[in-house]
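Dock the two chains into a complex; use the hints.
Protein sequence lines correspond, in order, to chains A and B.
The first sequence begins at 1 in UniProt numbering and counts up by one.
The second sequence begins at 1 in UniProt numbering and counts up by one.
It cannot be assumed that every hint is accurate.
[Said to hold, decoys possible] Calculated pairs, DSSO-like style, for lysine-lysine (alpha carbon to alpha carbon, straight line, at most 27 Å): (1) A:K3 x A:K205; (2) A:K157 x A:K113; (3) B:K12 x A:K474; (4) B:K8 x A:K431; (5) A:K189 x B:K320; (6) B:K320 x A:K278; (7) A:K276 x B:K320; (8) B:K12 x A:K431; (9) A:K157 x A:K92; (10) A:K189 x A:K156; (11) A:K118 x A:K189; (12) A:K157 x A:K224; (13) A:K431 x B:K15; (14) A:K474 x A:K431; (15) B:K15 x A:K474; (16) B:K322 x A:K278; (17) A:K189 x A:K157; (18) A:K3 x A:K224; (19) B:K322 x A:K189; (20) B:K322 x A:K276; (21) A:K118 x A:K92.
Bear in mind the hints are in silico, worked out from the structure with no lab data behind them.
The primary structure of each chain is shown beneath.
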Amino acid sequence: MTKQIRQLDRVVIRFAGDSGDGMQLTGDRFTSETAQLGNDISTLPNFPAEIRAPAGTLPGVSSFQVHFADYDILTPGDAPNVLVAMNPAALKANLADLPRGADIIVNTDEFTKRNLAKVGYQTSPLDDDSLAGYVVHPVALTSMTVGALAAHQVSKKDAERSKNMFALGLLSWMYSRPYESTLRFLERKFAARPELVAANVAAFKAGWNFGETTEDFAVRYEVKPAKMKPGTYRNITGNAALSLGLVAAGVRSGLPVFLGAYPITPASDILHELSKHKRFGVLTVQAEDEIAAVGAALGASYGGSLGVTTTSGPGVALKSETISLAVALELPLVIVDVQRAGPSTGMPTKTEQADLNMALYGRHGEAPVAVIAPRSPSDCFFAALEAARIALTYRTPVILLSDNYVANGSEPWLLPDVESLPDLRVEFATKPNGEDGTTFLPYLRDPETLARPWAIPGTAGLEHRIGGLEKADKTGDISYDPANHDFMVRTRAARIETIPVPDIEVEDPDGDARVLVLGWGSTYGPIGAACRGVRQRGLSIAQAHLRHLAPMPANLGEVLRSYDKVVIPEMNLGQLAHVIRARYLVDAISYNQVRGLPFTAAELETTLEEVLKNV
Amino acid sequence: MSEPVAVKLTAKDFKSDQEVRWCPGCGDYAILAAIQQFMPELNIPRERTVFVSGIGCSSRFPYYMNTYGMHSIHGRAPAIATGLSVSRPDLSVWVVTGDGDALSIGGNHLIHALRRNVNLKILLFNNRIYGLTKGQYSPTSEVGKITKSTPAGSADAPFNPLSLALGAEASFVGRTIDSDRKHLQSVLRAAAEHEGSAFVEIYQNCNIFNDGAFDQLKDPSTRDDYLIRLEHGQPITFGADGQFCVVHPPGGFGLEVRDTNSVRPEEIVVHDATVTDPAYAFALSRLPGLDLRNTPIGVFRSVDRPSYDSVVQAQLAAAKAKVTETPEQQLAGLLGSGDTWTII
Numbered sequence: 001m002t003k004q005i006r007q008l009d010r011v012v013i014r015f016a017g018d019s020g021d022g023m024q025l026t027g028d029r030f031t032s033e034t035a036q037l038g039n040d041i042s043t044l045p046n047f048p049a050e051i052r053a054p055a056g057t058l059p060g061v062s063s064f065q066v067h068f069a070d071y072d073i074l075t076p077g078d079a080p081n082v083l084v085a086m087n088p089a090a091l092k093a094n095l096a097d098l099p100r101g102a103d104i105i106v107n108t109d110e111f112t113k114r115n116l117a118k119v120g121y122q123t124s125p126l127d128d129d130s131l132a133g134y135v136v137h138p139v140a141l142t143s144m145t146v147g148a149l150a151a152h153q154v155s156k157k158d159a160e161r162s163k164n165m166f167a168l169g170l171l172s173w174m175y176s177r178p179y180e181s182t183l184r185f186l187e188r189k190f191a192a193r194p195e196l197v198a199a200n201v202a203a204f205k206a207g208w209n210f211g212e213t214t215e216d217f218a219v220r221y222e223v224k225p226a227k228m229k230p231g232t233y234r235n236i237t238g239n240a241a242l243s244l245g246l247v248a249a250g251v252r253s254g255l256p257v258f259l260g261a262y263p264i265t266p267a268s269d270i271l272h273e274l275s276k277h278k279r280f281g282v283l284t285v286q287a288e289d290e291i292a293a294v295g296a297a298l299g300a301s302y303g304g305s306l307g308v309t310t311t312s313g314p315g316v317a318l319k320s321e322t323i324s325l326a327v328a329l330e331l332p333l334v335i336v337d338v339q340r341a342g343p344s345t346g347m348p349t350k351t352e353q354a355d356l357n358m359a360l361y362g363r364h365g366e367a368p369v370a371v372i373a374p375r376s377p378s379d380c381f382f383a384a385l386e387a388a389r390i391a392l393t394y395r396t397p398v399i400l401l402s403d404n405y406v407a408n409g410s411e412p413w414l415l416p417d418v419e420s421l422p423d424l425r426v427e428f429a430t431k432p433n434g435e436d437g438t439t440f441l442p443y444l445r446d447p448e449t450l451a452r453p454w455a456i457p458g459t460a461g462l463e464h465r466i467g468g469l470e471k472a473d474k475t476g477d478i479s480y481d482p483a484n485h486d487f488m489v490r491t492r493a494a495r496i497e498t499i500p501v502p503d504i505e506v507e508d509p510d511g512d513a514r515v516l517v518l519g520w521g522s523t524y525g526p527i528g529a530a531c532r533g534v535r536q537r538g539l540s541i542a543q544a545h546l547r548h549l550a551p552m553p554a555n556l557g558e559v560l561r562s563y564d565k566v567v568i569p570e571m572n573l574g575q576l577a578h579v580i581r582a583r584y585l586v587d588a589i590s591y592n593q594v595r596g597l598p599f600t601a602a603e604l605e606t607t608l609e610e611v612l613k614n615v
Numbered sequence: 001m002s003e004p005v006a007v008k009l010t011a012k013d014f015k016s017d018q019e020v021r022w023c024p025g026c027g028d029y030a031i032l033a034a035i036q037q038f039m040p041e042l043n044i045p046r047e048r049t050v051f052v053s054g055i056g057c058s059s060r061f062p063y064y065m066n067t068y069g070m071h072s073i074h075g076r077a078p079a080i081a082t083g084l085s086v087s088r089p090d091l092s093v094w095v096v097t098g099d100g101d102a103l104s105i106g107g108n109h110l111i112h113a114l115r116r117n118v119n120l121k122i123l124l125f126n127n128r129i130y131g132l133t134k135g136q137y138s139p140t141s142e143v144g145k146i147t148k149s150t151p152a153g154s155a156d157a158p159f160n161p162l163s164l165a166l167g168a169e170a171s172f173v174g175r176t177i178d179s180d181r182k183h184l185q186s187v188l189r190a191a192a193e194h195e196g197s198a199f200v201e202i203y204q205n206c207n208i209f210n211d212g213a214f215d216q217l218k219d220p221s222t223r224d225d226y227l228i229r230l231e232h233g234q235p236i237t238f239g240a241d242g243q244f245c246v247v248h249p250p251g252g253f254g255l256e257v258r259d260t261n262s263v264r265p266e267e268i269v270v271h272d273a274t275v276t277d278p279a280y281a282f283a284l285s286r287l288p289g290l291d292l293r294n295t296p297i298g299v300f301r302s303v304d305r306p307s308y309d310s311v312v313q314a315q316l317a318a319a320k321a322k323v324t325e326t327p328e329q330q331l332a333g334l335l336g337s338g339d340t341w342t343i344i
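If we strip away everything but chain B, and leave its shape as in the complex, we get (with noise of 0.2 Å):
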């Protein structure tokens, strides 16, 4: 899908312009700023790239990308991004949402894009509130959060955004924080150059409506100790000393985190994206506690599956592949088919 461009972007190239109108210190300017830097080095001409979004703080982002953008309903975005991505295969199509478009309102759509494998890019911004509806809670926010909604605390059990695409079918799914630019670019560089729906959780803080959210894994005093990033192909240990690591217990059937001088260096789990087997991916998705440790960021699953937008181009060629006749001509056969008889 990359063509070399003539002259080559940069992010200015990318910045619309539109007043950027979220609220001074929100997260989400982080995520603009990230991504607008990173896209020149895609090297997909900007007229050859949509932004759909349906609606919530996180669905104004592509008002601010000068490619092409559809800002459009509450949860829809993953279905009008459907048929924009498998009706024009030659464009590079970005769906962004939230915590509440993407798995409250719009969340049959999600799954269905995920088991499908649209050739779509989903970067779900999470801050675990509705911001733009100022503060009830969503379906990531804490069981027991105090909320305008839930002013005796939130009765809900949250979704685990990275579970749910995962028991979808998702064939990529990452997560990464809003703060650190250089790995949330380096998880959206190996979400582009997937073939099919790359999943991306992106943790974004919400500093008028559930600030901090996200504190432990950016505070240096905390982060590495609570942080596993994940290498494909690297030993999963973390802790300011890798004092953590990541094994298979036995018998069980997840991963447990243990101390990395308690166990043998072949007990611990190399990470391996490209695992058929969603249950690792899985597995990794569920080692963080409510109190965000042991989080892991970066690329859980990776695996090649053919994308529903290259089977059903393929279908259409193959049909096509057998006509040789105008499509006028194609169109006189086909009202005249069947049973016909004339009348002089």
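Just chain A, with the same shape it has in the complex (with noise of 0.2 Å):
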């Protein structure tokens, strides 16, 4: 049977399961075929924190969503055009979120009485008129994978555990999408099993067939490649391109990295990746808590390596003495806070902006630090390039906010030229800078950066004592003098202040917005994809979004007073609102929400279109 075959320009899918139904690596697997195509794309896992909840429960649901197109796109998607449900679960807890018309795809095997009272279904959705809206395409997953594998030698479970594999082959052949790279992939993952690797791809490919002949699918889609930049892409998570973007810091900067982690949600998968890269003097360390985590990268950059420690708001409070300490030590350091739904455990694989207040302010005394946030997954690899850049030059620490959501999402990401990174190399302190050439000063500033020397030890000659204690200015001895505090506490504002950061850029296509949206990380996306849809609408509007919090853009007081009105929409009460109005009095408008989830591009627009109403 010739099946139809119909264009379109974007889709949305989210496979939705059981916390062990493997529905992360489905939508990874999808993902990457989906980039080998040419597509762009963003994706957004959603998983509970515990690692099985009880089978068949909606707290136990695990999603992925993949958006792709034939043009560049900035989210997740909003709503799935495509659900793929692996038990009544994943049935209950996704359907708000599809729009009426959407595709469901159930495995009906486990659409059971029992499976159905677990989530509180009187009567199997599937069997009344609930799903009326949809277009539903009951499949018997379990039981055609099993019979596909009856052949093969693995047992029951197994089999069943293949189940994913059949929904992925099944996508695959909707979508047109090419598969060697899952074939591939099977082959690296089960090496040590090659029965599993046979079953495996025996479901996938049962999959693909039961698309291929089953009348329940009479039309098969594709979505042509996205323009992109020419060159060589790979989809990347924002953790591991953090990850790598601190091994290219070590790279261009000639230092070795040292990492001081503890593990902590959503942040130890840095510390996984940097793990494994030793052959590039990536040095690790699982510290006994946060507070040695920070204190280890502190004495690790005290000997000359660069010092990082990686994760969340709860280590963030942890780590604060330590971050006063380097502040007062003067020493590079980078801490990356992967934000997560707080306070306290709060919701630990959830994203939020809220830590953006402790990390402006979070310490005792003056203890100014700069700040910076990625604004996208691939992104993530250049802030911390950035970070890096900051701490080594101005020998500060530097804290670098990602979030769940930039964390956990991918997009492609096209790779950079080596040599394009910046050069981060650093110059070790070698000899004394007194002025009779004998004395070595360890707090004489350089004039332009105010960054002190950095004299590690093993240098001879250059023996000295730093501390907690106020430093006289220049010879860094012991002081209480009352006015050399006063000056050492504005020296090390200023020295944050007036750090080089590049001009918040406007994008206002348009050039008469009246009204600008401002915004800071991984709002990027949806803010950009409302801003998109209102100008689609012929009204004009501008956006700019903040990559350095602190310090801020010099031009940004100017850029903020030539618009009428400023929108700031952001994932928490509106803490960089409180900033923009205390710092340029500037009466802004704040937008926010603390779901736990990313804003959705249609929410941001209506807001967005509320405000252009009243201009």
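Now the structure itself:
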């Protein structure tokens, strides 16, 4: 039977199932196939904090959303066009996000009386008319997978576990995806167990062939490659990009990278990734706690490494005292905060931007640090390099505010040419800098950067002592002198305020916008998509996005004041808006959501239109 | 780690230009002088020696040593020193701490540094009181101690620092006394030669807030009967006339003190710091009573175990040994690893 092929410009698919159903892996593979095809992509995993919540329950639902298109896209998509629901819980948990008319592929084998009861379905939604507004494709995924593997030398349990590959095969057929990379992946993943390679490949092919033959799927879809800049691409998550950025910072500075870290969601993947790169001289220490992690990183920085610590909000709170010491010692230190929903344990696998206040102000005494935030998964690479640049050049702690959304989301990344990456080489102090030619003054500053010399142990003639006690200007000796303390506090503030950062750029294609949307960090995609939507309706709107939160770009005040209204959407209760209002006396409109999820472009678009109506 | 230096250093070379600001009469002066005098014999250049401290009276120590030094955060010195030591195996890293710093606020870092066997020489100045905050009881203060924060007497059971260190898998554990320069230097010498963590408790007198805490161990009329001077390979006897000895009591778990005359010579325990089972050193650490009788000093335990630093550095070296490309080439390869696609 020849199937009809329909062209689409974009599709959003959500794979949803039990935590143990392998939905993250399924989504990941589909994404990789899609990347090979040349579509633009954006992904959003969504999983519970529990490793294995009770099977079949709503808290145990794990999902992976992938948005792909034949043009450049900015978000993982507001609403799925297709939901793959591996059980009743996955259907129930995700149905509200589906627009009417969406396709739902359900694994009918899991729609048993018991599983339905677990999530409070009195009757099966497949049998009543509650799904009447959707296109439902009932597929006996488990039993067909087991049937397809009857001749294979695998246990029933292993056969059942291959059902995610059946689903992947079916979706890959539906959207005409190339599957070679998945077959290669399976060979790598199960290299030690050839019978599992064969079983998973067979399950995948069974799913593909099922699509090809069954009449339930009458249409096959194609999404043409997007027009993207020439070059070599890979799909990358924010945490992976950030890790590579740190490795690159080591290469470009010529310094060993030292990571002190304590496991914490959603930052642990950076520890895992960096632990693999010992051949670059990257040294990782899994410390006994968050405090030791940052302490070890600072100790390594003192010794001439690029000291890094990676954590999430609760960890930054614990590290606060040591970050203040690093401010006093004026040593390089990169602190990565992959933000999650707080306070306290909060929702550790959900996203939020609510650590901005802590990053800017969360220390004792006057303890300014530089703060920067990546705007997308691949931007985490460049943000990490920029954090390292500031830390090394200005000898200061830098807080890098990632979040769960960019950390676990992915997008295609145009691989940069290594030689084009910033040169981060630093010079250690090697000889006395006092006027007499023999004295070493550890707090004599470079007049341009206000950075003090980095004299690492092992350098003869520069033996000196540093510490948390206030230091006399230049000599670094302990000082309780009032005027000196006042001078040092102001100097430490000036050190950060005078770091040159690029001007903020405004995107206003119409050139006549009177409303500016200002964002920071991971909201770049949703804000950008919303602005596009607004413009498609013939309205003008300007977008600007902050990468440097401390210090802020020098032109920011002028930019803000040149618009009638400034809207600041944030996944917190208005932390940036507060800073902007205080610093620039601009009556910014704060738009906030703290639902643990990224903004949808649609809701932002509605909000922006409301503002535009009242200009 | 030691390498001969061209010019023989002296104690004076290890004195910094900073005015020493401990209270007059503080035991820390004696320790400082002993260490400054002892450092030259290690033959480690000053620039390769680093003292890292936390907060407290003892933690001012690095300011007075003309080496590299960091006065850091209360309790965190072992963590900071771990990062320094593991990333810079060429350095000789010393941690100076006190009973509050190491055992109260920094207890976690201490035990983890010891179990990892980080190549640190950890000197714990134990004066059984908080001095810098002016006289609160510490985690080594006796039960019932009257201090500013315990006017009715401390209700806390104290730590035995050596028992704690041994429980934390320390590979080197010793104890010495501020006033006995020769002994102090002998223990530090052994600590410096040890590969891995060396934990040394130094009884130190705080003449302002806990004066005389260790007087029985110093007073010529009592010290010989109170102190057990451990010597590797020697039978453990003590007392002015060697009238006391240490034996394994039959059927018991630990060690006990007996009159030498009451036991056969072969029953007397011969000290062996290299015994693998920490139970022996632990039993030694439990000998003293609250009145300081039967206090062993010297090296309790010194066993060979690979240092954390050496294991980590070996892993790095093994990974680097396979590298044939420049770092830039390696990086380009890493960035382009995994599934990639090219758009023309």
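Just to be careful, I want the Cα atoms of A:K157 and A:K224 compared with a cutoff of 27 Å; is the pair within it? Roughly 38 Å separates the two Cα atoms, so the pair is violated.
Straight-line alpha-carbon gap A:K276 to B:K320, limit 27 Å: With Cα atoms ~12 Å apart, A:K276 and B:K320 stay inside 27 Å; holds.
Please verify whether B:K15 and A:K474 have alpha carbons no more than 27 Å apart. Holds, because 21 Å separates the two Cα atoms, which is no more than 27 Å.
If you draw a straight line from the CA of B:K322 to the CA of A:K276, is it 27 Å or shorter? 14 Å, holds
Hint check: A:K189 vs B:K320, CA-CA at most 27 Å. Holds or violated? Judged against 27 Å, a Cα distance of about 26 Å means the pair holds.
With a cut-off of 27 Å on the C-alpha distance, tell me whether A:K118 and A:K189 pass. Roughly 33 Å between the alpha carbons, so the hint for A:K118 and A:K189 is violated.
Restraint status (C-alpha distance of A:K157 to A:K113 at most 27 Å): 21 Å, holds
Would the pair A:K118 and A:K92 pass a check requiring their Cα atoms to be no farther apart than 27 Å? Distance ~11 Å between A:K118 and A:K92 Cα, so the pair holds.
Does A:K189 lie within 27 Å of B:K322 when you go C-alpha to C-alpha? Holds, at about 24 Å.
Taken at face value, is the distance from the CA of A:K157 to the CA of A:K189 at most 27 Å? 18 Å, holds
Pair hint outcome, B:K12 versus A:K474 [Cα-Cα no greater than 27 Å]: Answer holds: B:K12 to A:K474 is near 25 Å, not above 27 Å.
Given hint A:K431 paired with B:K8 - CA-CA distance at most 27 Å: 22 Å, holds
When the structure is compared with the earlier hints, violations turn up for hints 11, 12 and for no others.
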